Amino acid sequence: MLIYFLYKILYIYYLYISKHHYGEWKMPALFTVPGIVSGRFLGLILNILIFIVVWIFIRNPKPVHIRRVPGLDAIDEAVGRCAEMGKPFVFSPGIASSFGYWTVAALSVMGHVAKLCVRSGTRFIVPLGGADGVAIVREVAADIVKSAYTLEGRPEDFTMDDLPFLSGQQFAYAGGFVGILQRVRPGATILLGGMAEAMSICEVSNAVGAITISAGSYISNLAVLACASDYILIGEEEPAAGAYLSDNPRQRYSIRVQDYSKWIIIAMVIIGIIFVNMGNPFFKNLLAT
Amino acid sequence: MAELLKSREFNLAVMIIFFCLTFFPYFLSIPGYDVEKNISSKVQLIVGLITPFTVILAIYSQYRRGFNAFNKRQRGWWLKVYMLFCIASMLIFYVVWGKLSGPYYWVTLAVISPLSTINYGVIFFYMASTTARAFKARNLKALLLLVAGFIVFMDQAPLTGLYTTIFNPVAVFLNDTLVGSVTRTFTICSTIGGLVYGVRVLLGLETGAMGVTEKKEA
Chain A
1 MLIYFLYKIL YIYYLYISKH HYGEWKMPAL FTVPGIVSGR FLGLILNILI FIVVWIFIRN
61 PKPVHIRRVP GLDAIDEAVG RCAEMGKPFV FSPGIASSFG YWTVAALSVM GHVAKLCVRS
121 GTRFIVPLGG ADGVAIVREV AADIVKSAYT LEGRPEDFTM DDLPFLSGQQ FAYAGGFVGI
181 LQRVRPGATI LLGGMAEAMS ICEVSNAVGA ITISAGSYIS NLAVLACASD YILIGEEEPA
241 AGAYLSDNPR QRYSIRVQDY SKWIIIAMVI IGIIFVNMGN PFFKNLLAT
Chain B
1 MAELLKSREF NLAVMIIFFC LTFFPYFLSI PGYDVEKNIS SKVQLIVGLI TPFTVILAIY
61 SQYRRGFNAF NKRQRGWWLK VYMLFCIASM LIFYVVWGKL SGPYYWVTLA VISPLSTINY
121 GVIFFYMAST TARAFKARNL KALLLLVAGF IVFMDQAPLT GLYTTIFNPV AVFLNDTLVG
181 SVTRTFTICS TIGGLVYGVR VLLGLETGAM GVTEKKEA
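Protein chains in written order, with my numbering: chain A, 1 to 289; chain B, 1 to 218.
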């Protein structure tokens, strides 16, 4: 009876949305500010606000409790496993279709992992590839790995052969990546940044018995990676990973801003729901300001 | 000079200048200044100029790795030889006869297209194997996820969607309401994370973007 009732509710909902189109979400701004592009005032204020709050947090760091992220905690374990088994560690900062913040965040994590690998004497392989920004990513990645070797006092062990450039095309990149996994049989694989053919890479990584840690940079990839990986970083966990793994208290404290921002967003969503259901366009107009 | 160009301060200064050149004109209305036509297009042009190097880089890298594999007789070295032969043929056909020539098309149709098709076929098997692993409802949440996935699957797969119309309202509800809200949550969280990360980069705390590994603070 209950199931039938729920089904009926969903059926009514289905009939409702099939009749009503969503339409274009374009509301008039509540007000305009001279000198500021219409509809971008609130965005500017929020950006400046976040900048100021992060700056204040960074200047006055306090010991802070950060929620554990299993995917990031597993990095140490993965490096240790590679060192014990004498297997290499494969890290990918993504296909880098553009030098976006996902790629840059992945490079921040890569610095940390590279240091751990060099310290434990684990071979560190970084397959690189992608489109537009990849020539830049390759140089940046090489500098990061090289400086990790230098900092650990083993600059002579660095070789560009461990940072192979595979291809600018996603299938060729995935094919090359999978080939490396099959040949070197790593102990662990990390896939961060924007990944193409994540399914192929994750499955092969799993098949060769490597611990697989991945991050989904877009929602469609997330489900696939969640099924195929041992650990997954979701949403803002990847951009925050560099600070999370860092020993720097200033960086770690800045992560709190994300939590506060999320509370503000949740409050805005609740207020928005109330206003919309009351039929008052004030909040929509405010967001369009 | 090289030291200066690679220094953290110089890179940070360049980053801040470009940030200001793109960030403020986006929000502030400056008469006669179109951010999308000025700064963004120029940066894209620079990236566009760099892009051709990736092709050269890829060819160089593949040949270097291929010769290494051949010399060491690594596992699958003969596949490397085949790949290098294909790259060389495509290059020669392109340079001598052009992109619209028969030989170039032949390599595209006889080598690249079948391999791409195989890739898709392999992905299908990988999806099946991943799904098999995911079909383990170890707790209530996993069970709910599995049931939701099954309903959406039954509705969206071509044949089952035709014969199991009973799932349609539930699948539409799941897709439009739950998936929509989850997507927005993901986007909001990622954007906030990106913003805070961006501020850390601009303040010089995240050195990864500049190719520098941070030293441990004393």
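Hints may be right or wrong, so weigh each one.
[Said to hold, decoys possible] Example chain A residues on the side facing chain B (calculated, C-beta under 10 Å, incomplete):
{"id": "1", "residue": "I36"}
{"id": "2", "residue": "I50"}
{"id": "3", "residue": "D73"}
{"id": "4", "residue": "V104"}
{"id": "5", "residue": "P164"}
{"id": "6", "residue": "N206"}
{"id": "7", "residue": "G209"}
{"id": "8", "residue": "K262"}
{"id": "9", "residue": "M278"}
{"id": "10", "residue": "G279"}
{"id": "11", "residue": "T289"}
[Stated by the list, open to error] Pairs of lysine-lysine residues, derived as DSBU-like cross-links and limited to a Cα-Cα distance of at most 35 Å, are as follows:
{"id": "12", "chain 1": "B", "residue 1": "K42", "chain 2": "A", "residue 2": "K62"}
{"id": "13", "chain 1": "A", "residue 1": "K62", "chain 2": "B", "residue 2": "K99"}
{"id": "14", "chain 1": "B", "residue 1": "K99", "chain 2": "B", "residue 2": "K42"}
{"id": "15", "chain 1": "B", "residue 1": "K42", "chain 2": "A", "residue 2": "K87"}
{"id": "16", "chain 1": "A", "residue 1": "K62", "chain 2": "A", "residue 2": "K262"}
{"id": "17", "chain 1": "B", "residue 1": "K6", "chain 2": "B", "residue 2": "K42"}
{"id": "18", "chain 1": "A", "residue 1": "K284", "chain 2": "A", "residue 2": "K262"}
{"id": "19", "chain 1": "B", "residue 1": "K72", "chain 2": "A", "residue 2": "K146"}
{"id": "20", "chain 1": "A", "residue 1": "K146", "chain 2": "B", "residue 2": "K99"}
{"id": "21", "chain 1": "A", "residue 1": "K262", "chain 2": "B", "residue 2": "K136"}
{"id": "22", "chain 1": "A", "residue 1": "K146", "chain 2": "B", "residue 2": "K136"}
{"id": "23", "chain 1": "A", "residue 1": "K87", "chain 2": "B", "residue 2": "K99"}
{"id": "24", "chain 1": "A", "residue 1": "K284", "chain 2": "A", "residue 2": "K146"}
{"id": "25", "chain 1": "A", "residue 1": "K146", "chain 2": "A", "residue 2": "K87"}
{"id": "26", "chain 1": "B", "residue 1": "K141", "chain 2": "A", "residue 2": "K262"}
{"id": "27", "chain 1": "A", "residue 1": "K146", "chain 2": "B", "residue 2": "K42"}
{"id": "28", "chain 1": "B", "residue 1": "K42", "chain 2": "B", "residue 2": "K72"}
{"id": "29", "chain 1": "A", "residue 1": "K146", "chain 2": "B", "residue 2": "K141"}
[To be verified] A few chain A positions that, by computed beta-carbon distances, are all more than 10 Å from chain B:
{"id": "30", "residue": "F31"}
{"id": "31", "residue": "F41"}
{"id": "32", "residue": "P70"}
{"id": "33", "residue": "A105"}
{"id": "34", "residue": "G121"}
{"id": "35", "residue": "D143"}
{"id": "36", "residue": "R154"}
{"id": "37", "residue": "P155"}
{"id": "38", "residue": "G179"}
{"id": "39", "residue": "E197"}
{"id": "40", "residue": "G242"}
It is worth saying that the hints were derived from the structure and are not from the lab. Everything numeric in this text was worked out from a predicted model, so none of it was measured. For glycine and all other residues, C-beta sits at the position ideal for the given N, C-alpha and C.
Worksheet item: Minimum Cβ separation between G121(A) and chain B greater than 10 Å?
Response: holds (17 Å)
| said: If we take the beta carbon of R154(A), is the closest beta carbon in chain B still more than 10 Å away? | reply: Answer for R154(A): holds, closest chain B Cβ roughly 13 Å.
inquiry  = At 10 Å, judged by beta carbons, does A105(A) keep clear of chain B as stated?
reply    = violated (6 Å)
Would you check the hint for K62(A) and K99(B), treating anything up to 35 Å between C-alpha atoms as holding? At roughly 62 Å apart (the allowed maximum being 35 Å), K99(B) and K62(A) break the hint.
| query | Taking only the CA atoms, is the gap from K146(A) to K42(B) under or equal to 35 Å? | reply | Judged against 35 Å, a Cα distance of about 31 Å means the pair holds.
> Does the claim that F31(A) lies off the interface hold, with its Cβ farther than 10 Å from every Cβ of chain B?
Replying inline: Per Cβ check, F31(A) is outside 10 Å of chain B; nearest 15 Å; holds.
- At a threshold of 10 Å, is the proposed contact between M278(A) and chain B supported by beta-carbon distances? Hint violated; M278(A) Cβ to chain B Cβ min 20 Å, cut 10 Å.
### Task
Run the C-beta distances from P70(A) to all of chain B and say if the shortest one exceeds 10 Å.
Holds: least Cβ distance 16 Å, greater than 10 Å.
### Message
Minimum C-beta separation from E197(A) to chain B exceeding 10 Å: can you confirm that?
### Response
Violated, because the least Cβ-Cβ distance between E197(A) and chain B comes to about 7 Å, which does not exceed 10 Å.
field: Hint consistency between K146(A) and K141(B) [alpha-carbon to alpha-carbon, up to 35 Å]
entry: Violated, at roughly 44 Å.
Would you settle whether the hint for G209(A) is holds or violated, based on the nearest Cβ-Cβ distance to chain B being less than 10 Å?
Where the cut-off is 10 Å and the nearest Cβ of chain B is about 14 Å from G209(A), the hint is violated.
Report holds or violated for the interface hint on D73(A), using the least CB-CB distance to chain B and a cut-off of 10 Å. violated (18 Å)
Checked against the numbered hints given earlier, the structure breaks hints 3, 7, 9, 10, 11, 12, 13, 15, 20, 22, 23, 24, 28, 29, 31, 33, 35, 38, 39 and 40 and satisfies all the rest.
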